[in-house]
Amino acid sequence: MELKWKIKPFEALTVHELYDLLKLRSEIFVVEQNCVYLDLDSKDKKALHLIGEFEGKIVAYSRLFDVGISFDNASIGRVTVDANYRDRKWGHELMREAIAGIKSNFGKDKITIGAQLYLKKFYESHGFVQTSEMYLEDDIEHIEMIRE
1 MELKWKIKPF
11 EALTVHELYD
21 LLKLRSEIFV
31 VEQNCVYLDL
41 DSKDKKALHL
51 IGEFEGKIVA
61 YSRLFDVGIS
71 FDNASIGRVT
81 VDANYRDRKW
91 GHELMREAIA
101 GIKSNFGKDK
111 ITIGAQLYLK
121 KFYESHGFVQ
131 TSEMYLEDDI
141 EHIEMIRE
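Each residue of the sequence shown is one higher than the last, beginning at 1 in full-length UniProt numbering.
If you're looking for bench data, these hints aren't it; they were derived computationally from the structure.
In this text the structure is predicted, and so the values were computed from the model without any measurement.
Incorrect hints may appear among the rest.
DSSO-like, lysine-lysine: derived pairs with alpha carbons at most 30 Å apart [unchecked claim]:
1) 57 to 8
2) 121 to 110
3) 108 to 45
4) 121 to 43
5) 6 to 23
6) 43 to 110
7) 4 to 45
8) 8 to 110
9) 57 to 6
10) 103 to 4
11) 43 to 120
12) 45 to 23
13) 103 to 46
14) 120 to 8
15) 120 to 108
16) 45 to 8
17) 6 to 103
18) 110 to 120
19) 110 to 4
20) 4 to 108
21) 46 to 8
22) 45 to 120
23) 57 to 23
24) 121 to 4
25) 6 to 46
Please put together the full structure from these sequences, using the hints given.
Structure representation (structure tokens):
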């Protein structure tokens, strides 16, 4: 069975979708990565939310931003796949959908991301190139990457 994809602005998210996507982000970025940080950064209201559902459950998610919100270029953030489904390689499908969503919604090809360093090869497989030295964000090693 395949994922069902949808992209929604903040205002179009149902209460249940918002709760479920915030729960998924907390499970990954706070609990799994053992990182205390403020996930609710006020950017959710400016993002398009890419949601991948499987059997009615949100299992893949990312935020899509137009130019000037997170970076000078369009950007993708909070890229996550539920840990119970990672063996299905849906992260690659998520990135293909995110890149296509940036193009179709914002008309942009150039995308900047702040990537966790350990995922460098994953993002390189989607055309991203490292453009910065390693930096710490919430005590996790990151690099800036661009896809042109």
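- prompt: What are the numbers of the hints the structure violates, in ascending order?
  reply: none
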